[in-house]
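Undergrad: Please model the complete structure; the sequences and the hints are all you need to start from.
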Amino acid sequence: MEDSTIITLISLGVTFLFMLGTPVLLVIFYWVVGCSFVIGLPLDNTGAEMLNVFNKGFALLAMPLFILTGDLINKSGIARRLSDFAYSCLGWLRGGLAMAAIGACGLFAAISGSNSATTATIGSMLHPEMVKGGYDERFAAATAAAGGTVGIIIPPSIIFIVYGFLMNLPISELFVAGIIPGILMVLGMMVTCFIICTINGWGFLIKLSFMRVLKTAIGAWLGFFAIGLVLWGIYTGKFSPTEAAGVTVGFCIIVGLISYPLNKMMGAALDAPIEEKSISSMFVVEGFTGFDIPSIVVRSAQITGILAPLIAVSVVMQQVLSAMGAQETIGAFVTSMGGYYPVLFTSMAMVFVAGMILESLPVTIILAPILAPIAASVGVDPIHFSVIFLVGASIGFITPPYGLNLYVASGVTGVPYFRLLRYSSMYLISLLAVWILVALTPELALWLLPAR
Amino acid sequence: MSIWADAATIVTATLRGDIDFQVVNAYRSEAAWLVFGPLTLLGGYLVYRLYRAVPWLEQNLERTIVVWSYIVMAAIIFFGVIQRFLLSGQPAWSTTIPPLIFMIMAWYGCSFNVRLRTHLSFNEFRTNFSPTGQIAVLTLDAALWLGFCIIVVTTVSREVVRAYSNFQIVLGTDNIMQWWFLLTVPVAFMMMAGRVLENLFEDWGNYRNGDPVVKQAIIGGDV
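Going line by line, the protein sequences match chains A and B. Counting in the numbering used here, the first sequence runs from 1 upward without gaps. Counting in the numbering used here, the second sequence runs from 1 upward without gaps.
If you're looking for bench data, these hints aren't it; they were derived computationally from the structure. Glycine residues also receive a C-beta, built at the ideal position from the N, C-alpha and C atoms. It is possible that some hints are incorrect.
To be verified - A few chain B residues facing chain A, derived, Cβ under 7 Å:
#	residue
1	V66
2	A74
3	F102
4	F112
5	N123
6	F125
7	V137
8	T155
9	V156
10	E159
Claimed, not checked - Which bits of chain A does chain B cover? Going by a derived footprint, with three or more residues having C-beta under 8 Å, they are:
#	region
11	12–26
12	29–35
13	150–162
14	233–246
15	296–309
16	395–409
TA: Structure below.
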């Protein structure tokens, strides 16, 4: 039997395992092991990579730290304040609470860098309120799932870190390039949300009140400060992304520990309506005690313990693909498409299809090293391509059959996976529109970058 | 040398701590599979028995490792930045030790997720299988996890021995050896094998008692 036939059989075999529900980590790992045997690559390479992925670079460390940041801002009450602010600004519109959930996802994403943390936090916080507010529970859960996609586009972003790490691009520039596309994704989803809610008449309207907006903005000041700290540090080059993540973790822990006794001293009622809260009480968040820190950290460790091994095996998979000459084959196929736009759209189609069946990290690790050089060869700016690629990868979070955010949203809201699809597919349309817009307009990604 | 002689060399030299070129070659040979395959399964079983005997460890061992490695890693980076801004500079190891701690945290976290069954998977078809179908796929999962553990323990042990024999020092330090950190990875995978056995025995217990076999796991739920 020829090698290509055996590799096809191995690929079909692991696809069957995937359909049986075998963890993706094992599916990729056994594909790597099988193909390594066929092409004569020693398994020692796999073992070495399980260590090297972590040892090789400081940049990847930003990933666990930004995940931890997400959990810290959630526990400290900063995330709640950000969503209150978003609701104050948008609650007067039809579907305001749902739009606020998307806005809160955008704000949360600007401090954390994880799609699943964003979906889990905003979903668990706002889904019950949306259902209480007259929204369809499937729509409410789909909103959290779709909103979470911006978690990896609005900086800081875990996937940008991995992309920069792989492609040797400055992560700080990638972060800056993600700002406008991330905002556009938020706006695009808000428009979809408004249309759906207007058609269905969902949601209770609240009056737009300057005082309420001001109060909630003051309440969210620590969140804004954290966003500013991350962006300022990275934009000015004061910190590397990893250091920015470390600083944000330190900031959140200090804020949480200081706020807890202050909040107790002020006797602020957590569930009181915004109108009844004094402005002074809005300056302090709930916070947490030192005893709460292990339980916060262990949640982050759980997410990191899922994603980091997946990165390790995906890196080995990419190496095996390279050794098999997949780079040349895919490269020849994409290049044969012709010039700038055919290459761009073929690459986008590949990312989209891969995103339907794989998690965004493997998609990035496997396809980015193949597609990025081809895109560069036809004149696509590498930073612009990174944004196109990663917006596509983020859309993969809500594309079935394997949409991670759909699983997370289903898990935190209790709405079955398949019932989410009706409304998540509506958000998908707006995200695809933004994706095409970003692909056709390089300025959207490159405008904020410092002169190069 | 024969495969058995190499296996004997691996065991005796490792126990003596006497690693030379010949031993490194023995590790590179097929004999390593003969040693580390059974050792991983035995280690996993011992971890399983330990967890049964001391439930506190079952609840807290991996948790404590991941929490402290996370905190130490974040603290080194945070104080490194503070030192750079407020003092004249930061220690060189503040950028080389955290990745090694991240490595520890990642693999112990991976083991922790095996127990919680929260590794990403597509469970939609599995949940609709009959109990017999479900226990069959769960047993298949366990076999695949154990194979994963054996492959990683064997291949990573070779890396550990290489780092040991080359006296590889962590960059930015004078006397901190890399193998101290690398050695934690095979241990993590033996603990993972213990978790796999624990899950497998639990699943078979559920199956025999007629309890639900596949349960919904929530990522980021109460852990």
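Undergrad: Evaluate each hint against the coordinates.
TA: Do the hints match the structure? See the list:
Given the 7 Å rule on beta carbons, the hint for V66/B holds: about 4 Å separates it from the nearest Cβ of chain A. The interface hint given for A74/B is met, as the beta carbon of that residue sits about 5 Å from the closest beta carbon of chain A, less than 7 Å. Taken as an interface hint, F102/B checks out: its beta carbon lies about 5 Å from the nearest beta carbon of chain A, inside 7 Å. Interface hint status for F112/B: upheld, as the beta-carbon distance to the closest one in chain A is roughly 6 Å, under 7 Å.
Hint status for N123/B relative to chain A: holds, with the closest Cβ pair at about 5 Å, below 7 Å. Interface hint status for F125/B: upheld, as the beta-carbon distance to the closest one in chain A is roughly 6 Å, under 7 Å. Below 7 Å, beta-carbon pairs count as interface contacts, and V137/B has one with chain A at about 5 Å; its hint therefore holds. Below 7 Å, beta-carbon pairs count as interface contacts, and T155/B has one with chain A at about 2 Å; its hint therefore holds.
A distance limit of 7 Å between C-beta atoms decides the matter here; for V156/B the minimum to chain A is near 5 Å, and the interface restraint holds. A hinted interface residue such as E159/B counts as satisfied when its beta carbon comes closer than 7 Å to some beta carbon of chain A; here the least separation is about 6 Å, so the hint holds. Remark: the region 12–26 of chain A is confirmed as covered by chain B, as 10 of its residues place a Cβ nearer than 8 Å to a Cβ of that chain, reaching the required three. With 3 residues bearing a CB less than 8 Å from a CB of chain B, the region 29–35 of chain A meets the requirement of three and the coverage assertion stands.
Under the rule that three or more residues need a Cβ within less than 8 Å of chain B, the assignment of the region 150–162 of chain A is violated, with 0 such residues. Evaluation of the coverage hint for the region 233–246 of chain A: fulfilled, as 5 residues show C-beta separations to chain B shorter than 8 Å, against a requirement of three. Figure legend: the region 296–309 of chain A, annotated as covered by chain B; annotation consistent (12 residues with Cβ-Cβ distances under 8 Å, at least 3 required). Requiring three or more residues with a Cβ within less than 8 Å of a Cβ of chain B, the coverage given for the region 395–409 of chain A holds, as 5 such residues are present.
The structure fails to meet hint 13 from the earlier list, while all remaining hints are met.
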